[in-house]
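Undergrad: Throw the hints in and build the complete structure from the sequences for me.
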Amino acid sequence: MNLIYILFSAVAENIELGAIDAARNLLSRVEELAESVKNIVSYAEIIHKLSDFYLELGDYEKAKGVIERLIERLSTIDAEGKDFKIKYLRAVSQATLLKIYYEKGILREDLLIDTKRVYEELAEEKGLVDYLLDYILSLYIPIRLAEGKKRELKLELPKL
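Here the sequence shown is numbered in the numbering used here, starting from 3 and rising by one per residue.
Warning: the hint list may mix true and false statements.
With a Cα cut of at most 27 Å, we get these calculated DSSO-like pairs of lysine-lysine [to be verified]:
id : residue 1 : residue 2
1  : Lys66     : Lys87
2  : Lys87     : Lys64
3  : Lys101    : Lys64
4  : Lys89     : Lys64
5  : Lys84     : Lys101
6  : Lys106    : Lys89
7  : Lys66     : Lys89
8  : Lys66     : Lys84
9  : Lys51     : Lys40
10 : Lys89     : Lys101
11 : Lys128    : Lys84
12 : Lys84     : Lys40
13 : Lys87     : Lys40
14 : Lys101    : Lys87
15 : Lys128    : Lys89
16 : Lys51     : Lys64
17 : Lys101    : Lys51
18 : Lys101    : Lys128
19 : Lys40     : Lys64
20 : Lys51     : Lys106
21 : Lys64     : Lys106
22 : Lys40     : Lys89
23 : Lys106    : Lys84
24 : Lys51     : Lys89
25 : Lys66     : Lys40
26 : Lys87     : Lys128
27 : Lys66     : Lys106
28 : Lys51     : Lys87
29 : Lys66     : Lys51
It should be emphasised that the hints constitute simulated quantities derived from the structure, not laboratory data.
If you're wondering where the values come from, they're calculated on a predicted model, not measured in any experiment.
TA: Right, here's the structure in full:
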């Protein structure tokens, strides 16, 4: 795990120095190492950081790919959606994927609706304002995109 964080530091330094190919090579190595991380929360954290770096480098396909694989892994771990922690990680990851699509100028209504559903379930299960706030923030950019395209999406806030 420490090696991964050292590699992330090296990636940031390479990007700062303009050594983009070296940064991409290091990111590929981090991707390989991440697969051996057993703790799903740590794995998700690493994948989100990878996605951030790929976005910084303008590689939307790589960013999208790592997040999609994370979502698949989370769905495999908790196929029935009963584990709160996994459901929360999935919702955050789906919101990240929505933002990646937004960066490319694409609105994925199916993903938006599913993310909304998962956040509603989280809010109902725990009844905490934090989840409602996360829900609103995660949907803000895609909703703004939808409004910009003069499209109407009927989204209701979860009732606490």
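Undergrad: Evaluate each hint against the coordinates.
TA: Do the hints match the structure? See the list:
1. Lys66 with Lys87: With Cα atoms ~22 Å apart, Lys66 and Lys87 stay inside 27 Å; holds.
2. Lys87 with Lys64: holds, 25 Å
3. Lys101 with Lys64: Given that 27 Å is the threshold and the Cα spacing comes to 14 Å, the pair holds.
4. Lys89 with Lys64: holds, 23 Å
5. Lys84 with Lys101: holds, 26 Å
6. Lys106 with Lys89: Roughly 26 Å between the alpha carbons, so the hint for Lys106 and Lys89 holds.
7. Lys66 with Lys89: holds, 19 Å
8. Lys66 with Lys84: Holds: Lys66 and Lys84 sit about 25 Å apart, inside 27 Å.
9. Lys51 with Lys40: Roughly 17 Å between the alpha carbons, so the hint for Lys51 and Lys40 holds.
10. Lys89 with Lys101: holds, 18 Å
11. Lys128 with Lys84: Answer holds: Lys128 to Lys84 is near 13 Å, not above 27 Å.
12. Lys84 with Lys40: Holds. Lys84 to Lys40 sits at ~20 Å (cutoff 27 Å).
13. Lys87 with Lys40: holds, 15 Å
14. Lys101 with Lys87: Answer holds: Lys101 to Lys87 is near 21 Å, not above 27 Å.
15. Lys128 with Lys89: Within the cut-off at roughly 12 Å; holds.
16. Lys51 with Lys64: Distance of about 12 Å is within 27 Å: holds.
17. Lys101 with Lys51: holds, 14 Å
18. Lys101 with Lys128: holds, 25 Å
19. Lys40 with Lys64: Cα-Cα ~22 Å, so holds.
20. Lys51 with Lys106: holds, 19 Å
21. Lys64 with Lys106: holds, 13 Å
22. Lys40 with Lys89: holds, 17 Å
23. Lys106 with Lys84: This hinted pair is violated, its Cα atoms lying about 32 Å apart.
24. Lys51 with Lys89: holds, 19 Å
25. Lys66 with Lys40: holds, 22 Å
26. Lys87 with Lys128: holds, 11 Å
27. Lys66 with Lys106: Holds, at roughly 11 Å.
28. Lys51 with Lys87: holds, 19 Å
29. Lys66 with Lys51: holds, 12 Å
In summary, the structure is inconsistent with hint 23 from the numbered list given earlier, while agreeing with all the others.
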